[in-house]
Amino acid sequence: MKNKKWGLIILGLGIFVVGVTFPIWYGTIKSTPAPVLSLDTPVINSMQNKKCVEDTAFMRANHMKMLNDWRDESVREGRRTYTAKDGQTFEKSLTGTCIQCHTNKEQFCDRCHNYVGAKPTCFSCHIVPREVKK
Amino acid sequence: MTTNRRDFLKIAGASALTLMTPAILRPSWAKEKMITPVSSLTAKRWAMAIDAAKCPPDCTDCITACHAVHNVPNFDNPKDEVKWIWTEPFAAAFPGEKHRYLANSLQQLRLPVFCNHCANPPCVRVCPTKATFQRRDGIIMMDYHRCIGCRLCMAACPYGARSMNYRDPRPFIAKINPDFPTRTKGVVEKCNFCEERLAKGMIPACVGACKQKALVFGDVENSRSDIWLLLDKRFNLRRRAHLGTAPQIYYIL
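Taken in order, these protein sequences are the chains called B and C. Using the working numbering, the letters of the first sequence correspond one by one to residues 1 to 134. Using the working numbering, the letters of the second sequence correspond one by one to residues 1 to 253.
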């Protein structure tokens with residue numbers, strides 16, 4: 001009787017541990033391939049030197065922080081010009097700068113945001129010009 | 001080694017002096033790089049004068065222009081109405097100035113009204129997130145990113161110049177201007193004195209749309225500006241100035 005009770009407890013604990021760790025090992029077994037971001041837009045295709053505001057690695061890691069800085073600096077402090085590391089200047093504007101080249105929001109922004117489960121609310125107010133025409 | 005009091009004070013004093021180094025040397029990398037495009041319009045204090053007698057009856061040019069540029073939605077329900085600029089009869093705009101023997105021409109007048117960009121703005125004082133703030137040039141600006149939709153500013157504004165988006169405004173915008181963001185549900189909005197146009201060197205949309213030149217926009221601190229010269233010449237009133245908000249829209253009557 002006493003042994004049977006311990007067996008049940010261990011069985012219950014086992015099920016609990018498996019359940020709790022499910023997201024971890026499920027993630028390692030079933031790997032989802034990283035999304036392929038499309039740079040196939042007319043503006044980017046026509047560019048000689050295909051470079052974003054900063055280099056790709058920097059943009060990939062820091063675009064969210066950069067956009068937050070741009071937002072605060074342009075709206076609250078009126079500083080609307082960004083000087084990149086190479087000296088080039090850009091207008092601090094999501095619709096005026098970013099979206100002018102990355103016109104394909106679904107294939108560029110959304111693919112990666114969906115993959116990592118990020119839900120930025122930028123476009124509940126800001127407008128992708130092509131989406132208006134739809 | 002033991003430090004005596006005299007040596008300790010010398011070291012402490014020298015350390016304190018080093019704090020001044022950045023102020024004296026001013027290294028180039030520590031300077032803030034502030035670039036203001038030469039094309040943008042700047043002022044010490046933006047203000048507007050309205051020569052209401054020039055307004056033809058039933059003219060809505062300024063309203064149409066403003067609402068088209070700023071993606072202002074048109075909800076059919078007046079309870080949900082979002083307005084940046086609209087008209088009020090004289091008695092509603094200047095409740096203290098109306099009396100029985102007031103000239104009929106004034107009583108029938110409809111005045112364009114909008115945010116007064118007060119020098120002492122109650123909306124800014126009550127905003128818990130600093131979403132509404134006062135710029136150095138006097139513009140009362142909204143940072144829609146920070147607005148939590150608490151509507152304290154709407155309660156504080158004595159002019160009713162603020163509107164809440166009770167619903168998603170996008171389906172109710174006739175033609176979306178992609179250069180200006182729409183708002184979203186749960187955000188308060190109001191006239192921004194066309195700050196986005198000023199930054200590009202353009203005058204406000206309502207001023208540009210007025211064929212009668214009834215709206216005069218400019219820097220009231222500049223004694224050579226059109227608005228300064230106009231206010232110097234003609235008698236003018238400000239809406240509910242007795243409340244101490246120091247409104248910056250001047251009505252010439």
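If you're looking for bench data, these hints aren't it; they were derived computationally from the structure. Possibly wrong hints are sitting among the right ones.
Unchecked claim - Calculated pairs, DSS-like style, for lysine-lysine (alpha carbon to alpha carbon, straight line, at most 30 Å):
#, chain 1, residue 1, chain 2, residue 2
1, B, K85, C, K200
2, C, K44, C, K130
3, C, K44, B, K119
4, C, K79, C, K98
5, B, K65, C, K200
6, C, K44, B, K50
7, C, K200, B, K105
What the hints assert, rightly or not - Pulled a few chain B residues facing chain C out of the computed Cβ check, cut under 7 Å:
#, residue
8, L67
9, N68
10, R71
11, P129
What the hints assert, rightly or not - From chain C, some residues computed to sit far from chain B (all C-beta separations above 12 Å):
#, residue
12, F94
13, L231
14, F235
Each residue gets a CB set at the ideal place from its N, CA and C atoms; glycine is no exception.
For each hint, the structure was consulted:
no.	hint	in the structure
1	B:K85 / C:K200	25 Å, holds
2	C:K44 / C:K130	22 Å, holds
3	C:K44 / B:K119	40 Å, violated
4	C:K79 / C:K98	27 Å, holds
5	B:K65 / C:K200	25 Å, holds
6	C:K44 / B:K50	42 Å, violated
7	C:K200 / B:K105	26 Å, holds
8	L67	11 Å, violated
9	N68	9 Å, violated
10	R71	6 Å, holds
11	P129	4 Å, holds
12	F94	33 Å, holds
13	L231	26 Å, holds
14	F235	34 Å, holds
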